[in-house]
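In order, the protein sequences belong to chains A and B. Take the first sequence: its position 227, counting from 1, is numbered 226 in numbering that gives the first Met the number 0, and each next residue is one higher. Take the second sequence: its position 239, counting from 1, is numbered 238 in numbering that gives the first Met the number 0, and each next residue is one higher.
Calculated directly from the structure, the hints in this document are not laboratory data. Heads up, some of the hints might be wrong.
For identical chains, the list gives no copy identity; a pair is met inside one copy or between any two copies.
Claimed, not checked - Computed list of lysine to aspartate or glutamate pairs in EDC-like fashion (alpha-carbon distance at most 20 Å, straight line):
(1) Lys250 x Glu68
(2) Lys14 x Asp285
(3) Lys14 x Glu264
(4) Lys24 x Asp148
(5) Lys250 x Glu149
(6) Lys61 x Asp16
(7) Lys180 x Asp30
(8) Lys24 x Asp213
(9) Lys24 x Glu157
(10) Lys15 x Glu157
(11) Lys107 x Glu170
Predicted, not measured: the structure shown is a model, and the values here were computed from it.
Protein chains: 2
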Amino acid sequence: MDFNLELFLSQLQQKKDYVESCLDKILTAQDVFPPLIHQAMRYAVFNGGKRLRPIMVLESGKLAGCEGEALVNLACALEMIHSYSLVHDDLPAMDNDDLRRGKPTCHKVFGEANAILAGDALLTGAFQLLARTSGLPGVNAQRLLQVIDEIAGAAGSEGMIGGQVIDLNVEYQNEEHSLEKLHSLKTGALFTASLRSGAILGGMDANGLTALTDYARHFGLAFQITDDILDVDGDQSLLGKPVGSDEKNLKMTYTTCFGLDGAREMARQEVEGCLQSLNGFGSEADFLRSLAEYLLYRTY
Amino acid sequence: MDFNLELFLSQLQQKKDYVESCLDKILTAQDVFPPLIHQAMRYAVFNGGKRLRPIMVLESGKLAGCEGEALVNLACALEMIHSYSLVHDDLPAMDNDDLRRGKPTCHKVFGEANAILAGDALLTGAFQLLARTSGLPGVNAQRLLQVIDEIAGAAGSEGMIGGQVIDLNVEYQNEEHSLEKLHSLKTGALFTASLRSGAILGGMDANGLTALTDYARHFGLAFQITDDILDVDGDQSLLGKPVGSDEKNLKMTYTTCFGLDGAREMARQEVEGCLQSLNGFGSEADFLRSLAEYLLYRTY
């Protein structure tokens, strides 16, 4: 399969638009009492995100023959959890960011207290959405509970939150707990849950799940490495944030550790790893293949 | 049934000790990586709390013939959610409290960022615990999903979080959205979920669930009214916090709205409402009856 960037970008945009229309239907309307929290939740979700996680849910679910409203709920729940994590990460007590993708962060618009609560409410709402998937046609309740376990584990203290703890507390930043450990928790765990949850709901076999888990691990690394590269040589107007912030904040990154060329080579290897892990799938996995290759061309 | 305060307090202590031993087993050990978050989570949970919500789960579950490890998981999940809400409420951006029950609040000990993350992790961990209840003997997966929906709804933007939004944003504090609305969301919703969830898992019929929901509503109000009364005439050393803080913060409370005697009379009426709502149950509901009557004697 040859990678066609232009074709891929139009497919990606289509899938992104679909996910956003689903999120719009699923999130509580902003006039529901108390409106302030529902406005803040929507602001946090409609933030110009790439929607990679929900798209992964839809693509990997499809591989297991899972589709329809149940899969859409899983996809939206993952994006709600991702959105909550960004709101909390941006808080003054954490990364203290005023802008995200060129727009004021949630706490700059709604105040710190409401931003904390909007994050809490998105996390809580994601689990309610997952639980409510129960009544939909073709949903196996046991598998759905396994999905909730999987997602909560990935988002929790030994997953994404654990990664943020490592990132924020200098005592964890040493050789032993390397960059890879940090990112495998902070972003990798939720990518893995995104790739596995739809497949679990669809009843994919163990080999298929292992392949998707491998893909997720390589994808997470490639994503983080290319993120670090963009912070060095990206275009500020496309990124919606200043470049060079990692260097300014003395952050340990793939480019500071391995140089720009070293990091680029590592990214290529991880993308190759993504492709190899999908060898057991046919053309139905082509979009996931392109999604990995695209990382080498991303501009934001 | 005559209320015997001394007997009740010894039963309450026994149940509280049991709940704490279960929480100790269920919460992630504090040396699991990254230890900081697991220490903060445990600090937040072992905070001298009254354990009312998990005790309610155990008592109401018993009424529906539900017992064992599954019920314990529900009880602990509710307490984890309650604990997370206290950690976030205490944050500088919210109530900015340095002490809770005489001990430094979570953010005073672990820093603001770790406290936010510990709250997030307790909330996430509660849902994981609920999902993992799936494999236990006698657990009906559909009912368990209904329980997760119930708890998430009670904790979310139209429940507990909504109540906190009303409490923190002055634009919601007017006649229309009265004190009762505030407290029915901020504390009532989680009491209701505590009383209903064990019963739902046990398969209680609709009449029984309605009775428990009525009990929860009256209990929540009686709890809040007696809380406001303690803030006026309580003993600071028993409360673990200064009295008179509501008046100092110009908070609208039951005593500022209805006077001390008016509030006392309202509390008695709500406790009476609790007892009446349990009329359809026999002696197996005696502890819940005593728990309501106790509110008129609480000292902290």
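Handout entry: Unmet hints by their number, sorted upward, for this structure
Key = 1, 3, 5, 8 and 10
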